[in-house]
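Going down the list, the sequences are from chains A and B. According to my numbering, the first sequence is numbered sequentially starting from 1. According to my numbering, the second sequence is numbered sequentially starting from 1001.
Possibly wrong hints are sitting among the right ones.
Only some residues are given here: those of chain B computed to face chain A with a beta carbon under 10 Å [said to hold, decoys possible]: (1) Gln-1012; (2) Phe-1014; (3) Thr-1223; (4) Val-1232; (5) Tyr-1329; (6) Gly-1339.
Simulated from the structure, these hints should not be mistaken for lab results. No residue lacks a Cβ here, since even glycine has one placed at the ideal position from N, Cα and C.
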Amino acid sequence: MSLEDLKEELSKVVEPGDMVPRDYEKDGCLLEIKARAEQVEAVAKAALEADCFLESIAAVDFTNGPQIIYQFNSCTSISRVLVRVQLSRGESVVSIGSIYDAALWYEREVFELFGIRFDNHPDLRRLLLPEDADFYPLLKDYGKVHAFRSTEEIYGE
Amino acid sequence: MANEFLEPITEQTFYLNMGPQHPSTHGVLRLFLKLDGEYIVEADPVIGYGHRGHEKMAESHLYEQFLPNTSRMDYLAGLIFNHGYVAAVEKMVGIEVPPRAEYIRVICAELNRISSHLLWFGTYVMDLGGFTPFLYSFDDRENILDILDRVSGSRLTYSYCRFGGVSRDVDDEFITATHQFVERLRSRWDDYHNLVTKNVIFIHRAKDVGVINRELALRFGCTGPILRAAGVPYDVRKAEPYSVYSELDFEIPTGTKGDALDRYLVRLQEMEQSLHIIEQALERLPDGAIKAAVPNKVRPPRGDYYFAVESARGAVGFYIVSDGTSYPYRLKARVPSYGNLQVLTEVLPGTLVADTISILGSIDIVVPEVDR
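Build out the structure end to end from the sequences listed, making use of the hints.
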């Protein structure tokens, strides 16, 4: 499966304007998708249809709310796609653990480090931290960080 | 009867705690197993005992200051993690690395890959009850540690790569020693195969045990020898060639079934391929500078970047968000053992407790890498 197949599958679920091509030579990614929290499940299904695997789920904290970055790739031809979901503070997102099993642990990690809840997750316990941890260490207002910025300061717009 | 004070046992299953202190878990991993007799009903890997918060540390450190952390994530393939991080930042800033430095990096990374595989070979067979191969493989691995010690000054957590090159140049003695090591390890394959690969006890413990097929591996995001043993020729060195791998000739060994024996054979063939890469790289090693001119503090432009390399266990990636300053805004390390370990929740149910040792050994996890 190639990037074209993936684009075709994704175009069924997201607006063409939300699919932004990226420069692989510059930053290692081929396509970026700006999705809303309720589109995540459909996007993950489309990626599975195109025979992709879930490479990673990362979250980043910004002053205007955290972002989740889902990353899909194919093992037959390089087609790294970033799916960027901007959340408002306290907003939850639906779990894609029923589509990709790999997501179960990634979501647990994002939950414990950022406090983002995943709806329908079968087992949203803490993964790396102690069971009774009552803090979210990767939030920018916790501990020592260099800067706390808004998405505008980093990505422009 | 004394027994009448005890509650009658109605539950058919019971729980077994394997780890966090268990000789076969290779680090502080705890497997919480629900058993029905000798068979596993449910498996829950409990991780995080070695969580040091590398990703949080990155946010308050300069890009240069974070360098030593990378080899401490996966201490068995530290140089490859190091290489991945350095290459990611170089790509962000746009640093051209001199060819000699790239070749040195590849030689050292491949040596590191072999040392990681040799350690896995010894401990895996030891887990299955064979003590002697462990001594053979550690004897060979010692040579690599000596070679890398000479150039990097360290035996395990190398931090040898620097932005724009490597910390110090290699000399003729390094080249001679590496050539000798290549020859030495080649001459040992027969011993390895006679001792282990043809050993009927080993074959019984590994064949058809812990089958991870293509579909399962992709669902859990497994990479590295696990995915290749399932017949998928995915290797970051070929899929998105970094450094000078595109100029070197090597093959991707694959398996067919995806059982523990396939994973064993894939890793042995990978060592041979690594030797082949080292030979070519030594032959072509160009003269010249080993480090490009790099500013004291790197300041990557704003935006987010991803860079992947192939470690001994699979695809490693660094996702870095830069805010234009000399500190990373966010650094996420995608580590291969994460998916490789998680697949146990699906593979272990239905197998025997004794096979857990064989399966866990065959996937070759490094727990500090999972915990970060």
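Does Tyr-1329/B meet its interface restraint, that is, does its C-beta lie within less than 10 Å of any C-beta in chain A?
7 Å, holds
Mind checking the CB of Gln-1012/B against every CB in chain A and telling me if the closest is under 10 Å?
Gln-1012/B check fails; min Cβ-Cβ to chain A is 23 Å, beyond 10 Å.
So, Val-1232/B near chain A? Judge it on the closest CB pair being under 10 Å.
5 Å, holds
Answer holds if the nearest beta-carbon of chain A is closer than 10 Å to that of Thr-1223/B; otherwise answer violated.
8 Å, holds
Chain A contact restraint on Gly-1339/B - CB to CB distance below 10 Å:
5 Å, holds
Minimum beta-carbon distance criterion (10 Å), Phe-1014/B to chain A:
21 Å, violated
When each numbered hint is compared with the structure, violations occur for hints 1, 2.
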